[in-house]
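Colleague: Below, each chain spelled out in residue letters.
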Amino acid sequence: ETGVTQTPRHLVMGMTNKKSLKCEQHLGHNAMYWYKQSAKKPLELMFVYSLEERVENNSVPSRFSPECPNSSHLFLHLHTLQPEDSALYLCASSQDRFDGLMNTEAFFGQGTRLTVV
Amino acid sequence: QKEVEQDPGPLSVPEGAIVSLNCTYSNSAFQYFMWYRQYSRKGPELLMYTYSSGNKEDGRFTAQVDKSSKYISLFIRDSQPSDSATYLCAMSGHTDKLIFGTGTRLQVFP
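Protein chains in written order, with this note's numbering: chain A, 38 to 154; chain B, 2 to 111.
So here's chain B without its partners, still in its complex pose (with noise of 0.2 Å):
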C-alpha cells in the first residue's frame, strides 16, 4: 500500500464551479499536510499547509485535515481558468522525510 494515495484524475470543471481534491494516507504519524500546485513546465509552489487536523481558508482555497480517517481535501471554490494545474498533496511526521502523492491535474474551462 502506497503510504500516499491521490488520484491523478485529469478532472475537468467549468470556470466558477467548486473543486475537491482528495488524498488518503495510511501512516498515523504524518502531522503535517501540505498542498503544492504546479503548473506546466514549473516547479511545485506551496499553496496551503496544516498542521494536524482541522480547517485553513486562504481566499478560495480550504484546506481540510481529517486525521481520525487519514483523509486530507484541498477545496477550490469559485474555480478560475488560472488555477488549471497539478494539484499535489505531501505530508511529514516524525522523519524528515515530505512524502507526495502523484498530483492531481486539474482543468477549468471558460
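With the rest of the complex left out, here is chain A (with noise of 0.2 Å):
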C-alpha cells in the first residue's frame, strides 16, 4: 500500500456517460498528478496540481476535466469519451513539485481501468 488510494479500480462507460475517477492520497503531499497508461506507450502526464492548483495541462482533451478541492483529494472527471480514451489510468502524489533541482519520489495509486465502449 503506498498511501494513495484510487477509485474505481475498473470502469466501463459508453461514450454518452458521465464519470469521475477519484484519487485520495494519505501522506501529507503537496502535488499530485494523473497519468495515462496505454499498452506500449510510455507513461503519459496529463495535469499536475501543486497545493491545489492547477499548474500543467499537457494538451489534454477537453473531455477530461480535473478537479482538486484539497490537497488530498483529486478528482479526473469524464465526459464524452471515445473508445481510444480506454486505458489504465494513474493518479500519484510527491512531496512537492518536480523543479528540476532535486530529485522526488512519486508515489502510484493502483490506477483505474477504464473501457470505453
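Don't read these hints as lab results, they were simulated from the structure.
Hints may be right or wrong, so weigh each one.
With a straight-line Cα cutoff of 30 Å, these simulated BS3-like cross-link-like pairs (lysine-lysine) come out [stated by the list, open to error]:
| no. | chain 1 | residue 1 | chain 2 | residue 2 |
| --- | --- | --- | --- | --- |
| 1 | B | Lys57 | B | Lys43 |
| 2 | A | Lys78 | B | Lys71 |
| 3 | A | Lys77 | A | Lys56 |
| 4 | B | Lys57 | A | Lys55 |
| 5 | B | Lys3 | B | Lys68 |
| 6 | A | Lys55 | B | Lys43 |
| 7 | B | Lys71 | A | Lys56 |
| 8 | B | Lys57 | B | Lys71 |
| 9 | B | Lys43 | A | Lys59 |
| 10 | A | Lys77 | A | Lys55 |
| 11 | B | Lys98 | B | Lys68 |
| 12 | A | Lys78 | A | Lys56 |
| 13 | B | Lys43 | B | Lys3 |
| 14 | A | Lys78 | B | Lys43 |
| 15 | A | Lys59 | B | Lys98 |
| 16 | B | Lys98 | B | Lys43 |
| 17 | A | Lys56 | B | Lys68 |
| 18 | B | Lys68 | A | Lys78 |
| 19 | B | Lys3 | B | Lys57 |
| 20 | B | Lys98 | B | Lys57 |
| 21 | B | Lys57 | B | Lys68 |
| 22 | B | Lys43 | A | Lys77 |
| 23 | B | Lys57 | A | Lys77 |
| 24 | B | Lys98 | A | Lys78 |
| 25 | A | Lys59 | B | Lys68 |
| 26 | B | Lys57 | A | Lys78 |
| 27 | B | Lys98 | B | Lys3 |
| 28 | A | Lys77 | A | Lys59 |
| 29 | B | Lys3 | A | Lys55 |
| 30 | B | Lys3 | A | Lys77 |
| 31 | A | Lys77 | B | Lys68 |
| 32 | A | Lys78 | A | Lys55 |
| 33 | B | Lys71 | B | Lys3 |
Computed Cβ-Cβ distance ranges for the label pairs, DEER-style [claimed, not checked]:
| no. | chain 1 | residue 1 | chain 2 | residue 2 | range |
| --- | --- | --- | --- | --- | --- |
| 34 | B | Asp59 | A | Arg91 | 21 to 27 Å |
| 35 | A | Ala76 | B | Glu58 | 28 to 34 Å |
| 36 | A | Thr44 | B | Ile19 | 38 to 44 Å |
| 37 | B | Gly55 | A | Pro45 | 39 to 45 Å |
| 38 | A | Ser96 | B | Asp59 | 35 to 41 Å |
| 39 | B | Ser54 | A | Val154 | 44 to 50 Å |
| 40 | A | Ser99 | B | Lys57 | 19 to 25 Å |
Small disclaimer: the values here were computed from a predicted structure and weren't measured.
Note that CB positions come from ideal geometry on N, CA and C, so glycine has one too.
Starting from the two chains in their separate frames, assemble the complex, guided by the hints.
Modeller: Put into C-alpha cells, the structure is as follows:
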C-alpha cells in the first residue's frame, strides 16, 4: 500500500456517459498528478496540481476535466469519451512538484482500468 | 526520435539469472534517473534512483548511468520469480517533467 488510493479500480462506460475517477493520498504531499498508461506507450502526464492549483495541463482534451478540492483529493471527471481513451489512469503524489533541482519521489496509486464502449 | 527508448520485451529468464534492463535517452539535460517496478494490476513503485553518472547498489539491484553514452541500466542479480513485473525507466532534468520509457516486461520462470 503506497498511501495513494484510487477508486474505482475498474470502470466501463459508454461514450455518452459521465463518470468521475477519485484519488486520495494520505501522505501529506503537496503535488498530485494524473497519468494515462496505454499498452506499449510511455506513461503520459495529463495534469499536475501543486498546493491545489493546476500548474500544468499537458494538451489534454476537454472531455477530461480535473478537480482538486484540497491537497488530499484529486478527481478526474470524464464525459463523452472515445474508445481510444480506454487505458489505465494513474494518480500519483509527491512531497513537492518536480522542479528539476531535486529528486522528488512519486508515489502511485493502483490505477483505474477504464474501458470506453 | 523519442526522448526515452526502452525495449518493451518481454524478457524471459530462468530463476537465478542476471537480468540487464536498459534505456537510452536523447536529452543531455536529464540528471535524475529512476527505475520503477510495476506488478500486474498495480501502480508503479520506485525501485531505485540515481543522480548524474555512476552506480548505485541496493541488495540484488544495481543501477548504472552513463551520461556520456546517454544510457542507463538496471541489473538484477539472482533473479526470482517474484521479480516478474514491468520495469519502467524514468528521468528528469531542468524541468518539472518526469519522462518515462515504455517499460520492459520481465518474466522469471522457476
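Colleague: Taking the hints in turn, state whether each one holds.
Modeller: Taking the hints in turn, this is what the structure says about them:
1. B:Lys57 to B:Lys43: holds, 25 Å
2. A:Lys78 to B:Lys71: holds, 21 Å
3. A:Lys77 to A:Lys56: holds, 26 Å
4. B:Lys57 to A:Lys55: violated, 46 Å
5. B:Lys3 to B:Lys68: holds, 17 Å
6. A:Lys55 to B:Lys43: holds, 25 Å
7. B:Lys71 to A:Lys56: Between Lys71 of chain B and Lys56 of chain A the Cα gap is close to 42 Å, so the pair fails against 30 Å, i.e. violated.
8. B:Lys57 to B:Lys71: Answer holds: Lys57 of chain B to Lys71 of chain B is near 17 Å, not above 30 Å.
9. B:Lys43 to A:Lys59: Holds - the C-alpha atoms of Lys59 of chain A and Lys43 of chain B are around 16 Å apart, at most 30 Å.
10. A:Lys77 to A:Lys55: Holds. Lys77 of chain A to Lys55 of chain A sits at ~27 Å (cutoff 30 Å).
11. B:Lys98 to B:Lys68: holds, 19 Å
12. A:Lys78 to A:Lys56: holds, 24 Å
13. B:Lys43 to B:Lys3: Holds - the C-alpha atoms of Lys3 of chain B and Lys43 of chain B are around 26 Å apart, at most 30 Å.
14. A:Lys78 to B:Lys43: holds, 17 Å
15. A:Lys59 to B:Lys98: Roughly 23 Å separates the two Cα atoms, so the pair holds.
16. B:Lys98 to B:Lys43: holds, 22 Å
17. A:Lys56 to B:Lys68: violated, 44 Å
18. B:Lys68 to A:Lys78: With a Cα-Cα distance of about 24 Å, the restraint between Lys68 of chain B and Lys78 of chain A holds, given a limit of 30 Å.
19. B:Lys3 to B:Lys57: holds, 26 Å
20. B:Lys98 to B:Lys57: At roughly 23 Å apart (the allowed maximum being 30 Å), Lys57 of chain B and Lys98 of chain B satisfy the hint.
21. B:Lys57 to B:Lys68: holds, 14 Å
22. B:Lys43 to A:Lys77: holds, 16 Å
23. B:Lys57 to A:Lys77: holds, 28 Å
24. B:Lys98 to A:Lys78: Within the cut-off at roughly 17 Å; holds.
25. A:Lys59 to B:Lys68: violated, 39 Å
26. B:Lys57 to A:Lys78: holds, 27 Å
27. B:Lys98 to B:Lys3: holds, 15 Å
28. A:Lys77 to A:Lys59: holds, 25 Å
29. B:Lys3 to A:Lys55: With Cα atoms ~34 Å apart, Lys3 of chain B and Lys55 of chain A exceed 30 Å; violated.
30. B:Lys3 to A:Lys77: Given that 30 Å is the threshold and the Cα spacing comes to 13 Å, the pair holds.
31. A:Lys77 to B:Lys68: holds, 26 Å
32. A:Lys78 to A:Lys55: holds, 26 Å
33. B:Lys71 to B:Lys3: With a Cα-Cα distance of about 13 Å, the restraint between Lys71 of chain B and Lys3 of chain B holds, given a limit of 30 Å.
34. B:Asp59 to A:Arg91: 21 to 27 Å: violated, 35 Å
35. A:Ala76 to B:Glu58: 28 to 34 Å: holds, 32 Å
36. A:Thr44 to B:Ile19: 38 to 44 Å: holds, 40 Å
37. B:Gly55 to A:Pro45: 39 to 45 Å: holds, 42 Å
38. A:Ser96 to B:Asp59: 35 to 41 Å: With Cβ atoms ~36 Å apart, the hint holds.
39. B:Ser54 to A:Val154: 44 to 50 Å: Cβ of Ser54 of chain B to Cβ of Val154 of chain A: about 48 Å, so the range 44 to 50 Å holds.
40. A:Ser99 to B:Lys57: 19 to 25 Å: violated, 42 Å
Taken one by one, the earlier hints fail for this structure at numbers 4, 7, 17, 25, 29, 34, 40, listed in ascending order.
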